[in-house]
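A.B. asks: Same order as they appear, the protein sequences are chains A and B. Sequential numbering from 999 applies to the first sequence in our numbering. Sequential numbering from 264 applies to the second sequence in our numbering.
Hints may contain errors.
[Stated by the list, open to error] Some but not every residue of chain B turned toward chain A, in silico, with C-beta under 7 Å: (1) L321; (2) G351; (3) Y353; (4) S355; (5) D359; (6) L360; (7) L368; (8) G374; (9) L387; (10) A390; (11) T421; (12) E444; (13) I562; (14) V564.
[Said to hold, decoys possible] No farther apart than 20 Å at their CA atoms in a straight line, the calculated lysine-lysine pairs in the PhoX-like style are these: (15) A:K1052 with B:K403; (16) A:K1052 with B:K342; (17) A:K1117 with A:K1234; (18) B:K402 with A:K1117; (19) A:K1050 with A:K1117; (20) B:K402 with A:K1050; (21) B:K403 with A:K1050; (22) B:K377 with A:K1050; (23) A:K1117 with B:K377.
Hints listed in this document are in silico derivations from the structure and should not be mistaken for laboratory results. Cβ coordinates follow ideal geometry from the N, Cα and C atoms, glycine included.
So you can see what is in the structure, the chains are spelled out below.
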Amino acid sequence: MSDTTTTTTERAPSVYVPSAEALATVLAPGARPPRPSALSASLTFGWRAMLKIKHVPEQLFDVTAFPIIMVLMFTYLFGGALAGSPREYLQFFLPGIMVTSVVMITMYTGIGLNTDIEKGIFDRFRTLPVWRPSALVGMIFGDVLRYILAALVILGLGLVLGFRPAGGVVGAAVGIGLLVVFSFAFSWVWTFFGLILRSEKSVMGVSMMVLFPLTFLSNVFVDPSTMPGWLQAFVKVNPVTQLVAAIRGAMSGDADPSATMWLLLWSAGFLVVFGTLTMYRYNRR
Amino acid sequence: MSRRTTGLAIEAEGLTRSFGDTKALAGIDLQVPAGTVYGLLGPNGAGKTTAVRVLATLLRPDGGSARVFGHDVVTEADKVRSRVSLTGQYASVDEDLTGSENLVLLGRLLGLRKPAARDRAAALLAAFGLTEASDRQVKKYSGGMRRRIDIAASILNTPDLLFLDEPTTGLDPRSRNQVWEIIRAVVSHGTTVLLTTQYLDEADQLAGRIAVVDHGRVIAEGTPGELKSSIGSGTVHLRLRDPGQRPEAEKVLREALGVPVQLAADPVALTARVGEAGTDLDASAQASRALGELARAGIVVDNFSLGQPSLDEVFLALTDHPAVPADERDNELEAAR
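Hey, can you work out the whole structure from these sequences and the hints?
C.D. replies: Next up, the structure:
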């Protein structure tokens, strides 16, 4: 970082005097380039997300340190009691904690969007003649990279601790792929809340209220068969349960087509419902 | 030059917009000729920002209609967006990115290929005196540099209409002059500029026509000359050495100027409007005559100044109430979110 030198030179450059000739060269109206395609605009916004990671690498803390803490904490906390040994528990638990960590990280999409709106930069984006959802799609593309990074960190740590997926590399890749599909769709819930709520804090509050029950009242930590009937009913329809079952299936080499189908239906549902709501709010503000 | 439109850049009729119980726009009518700088002058909370946001397609009006170069801002928003650009009061570039990255990003979004976007960014940074700062994050820029990168981002595609929402608020005088020079250059190349400001002298310096906005309505409209002749072109401020002479000074001034004289809270100060509509003398001639009369009466003047009417004085003249206090504006911005 060259920050220390740049701050001292802050006042040094000679005073700027606007020159009519210099301004004339940039003000001559040129031919307008064609409007970028929806994909190209979204990827450009995704590039912005990457640049932000480059300039503010601290934001990767929540996709690296947070998942590591989650894995270590729960593996050693519950492992012995629930499965005889942490290593044994990990075979069951790793796909679940991967889902929990990544699904929890999705809320940063809403927080990031809310901050952008608060700062005013979204006013600029909203006056650009580009495909309307591209700013949000691009933002989520950037977040998807973070999800993949978090999933890989967890998988890596799991392998170190003794997780041995029978599905091999392909199974693990399919599992992470399913997780990314779901997280991409689920992020639209948070773009919606990021748009309608007034502050970063309230987005955080609502996210926690949704995410805690969604991730804990599932099959992530324990087999639901010991739960009371009413709770089992919720756990069964919870999309996180379907997601975990599908990923467990893929990683263990014993695919679970029914859970996978439900997971994809849930993803499509989140995308359609919350994507539409988000764009409605985005255009209406 | 062919795509520049002559005639009207903006036509708005009866625009209304409320936030809860607050009527931010209470029926604004505007006609902005293309190729000029048009000033929206008003205090905080008058509705200037809301008007700009509606015209820039960021906010839908509750009622009324507006067209930008003939395109309706609600039903043809995309066509409007391809011809306008907005520099808001707040960050309109990403503070985490460098100046250069911001401009390349916007260039790409406007359809330039990467090499062309880089060339355009470099040219803009050079013209705005930001070449040295191009690889620095915008959050490390000074206030004046920030404004320049904001405006550079707004003219990336040389828009036909540029909205500048209080472009010089919070800037030091030198940066303010730089921004004025840039605005003059922008309009001389055919871009129409809609400028909001709280400063009469700024509108006077830049704008061909001014609309004075108060409580969501246009309360006066015209060229700076027309406006000033309707409200008096200047104000005389006097400070006496001896407070005991003030009653006499007031009498002398009133007779010399033929206008009411205000006694300020300060016991040695007096103010009066000069250059009032209908008088044939100009403001400076009136003021110097008044000064002569005071000297003849043996009244010692410590401090004398002749200035343009302040926004407060314009408001008093036009509405009989002073400009609205600043905290009302926070409500507007809050509600505009």
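A.B. asks: All hints, please: hold or fail.
C.D. replies: Hints and how they fare:
1. L321: Holds. Min distance 6 Å.
2. G351: 5 Å, holds
3. Y353: Result: holds, 3 Å to nearest chain A Cβ.
4. S355: Result: holds, 4 Å to nearest chain A Cβ.
5. D359: 5 Å, holds
6. L360: Holds. Min distance 5 Å.
7. L368: 6 Å, holds
8. G374: Status holds, d = 4 Å.
9. L387: 5 Å, holds
10. A390: Nearest chain A Cβ about 4 Å off; hint holds.
11. T421: 4 Å, holds
12. E444: 4 Å, holds
13. I562: Since the shortest Cβ distance to chain A is 44 Å, the answer is violated.
14. V564: 38 Å, violated
15. A:K1052 with B:K403: 16 Å, holds
16. A:K1052 with B:K342: 35 Å, violated
17. A:K1117 with A:K1234: At roughly 41 Å apart (the allowed maximum being 20 Å), K1234 of chain A and K1117 of chain A break the hint.
18. B:K402 with A:K1117: OK: K402 of chain B and K1117 of chain A at ~12 Å, within 20 Å.
19. A:K1050 with A:K1117: 15 Å, holds
20. B:K402 with A:K1050: Within the cut-off at roughly 13 Å; holds.
21. B:K403 with A:K1050: Roughly 15 Å between the alpha carbons, so the hint for K403 of chain B and K1050 of chain A holds.
22. B:K377 with A:K1050: 19 Å, holds
23. A:K1117 with B:K377: 27 Å, violated
Going down the numbered hints, you'll see the structure goes against 13, 14, 16, 17, 23, while the others check out.
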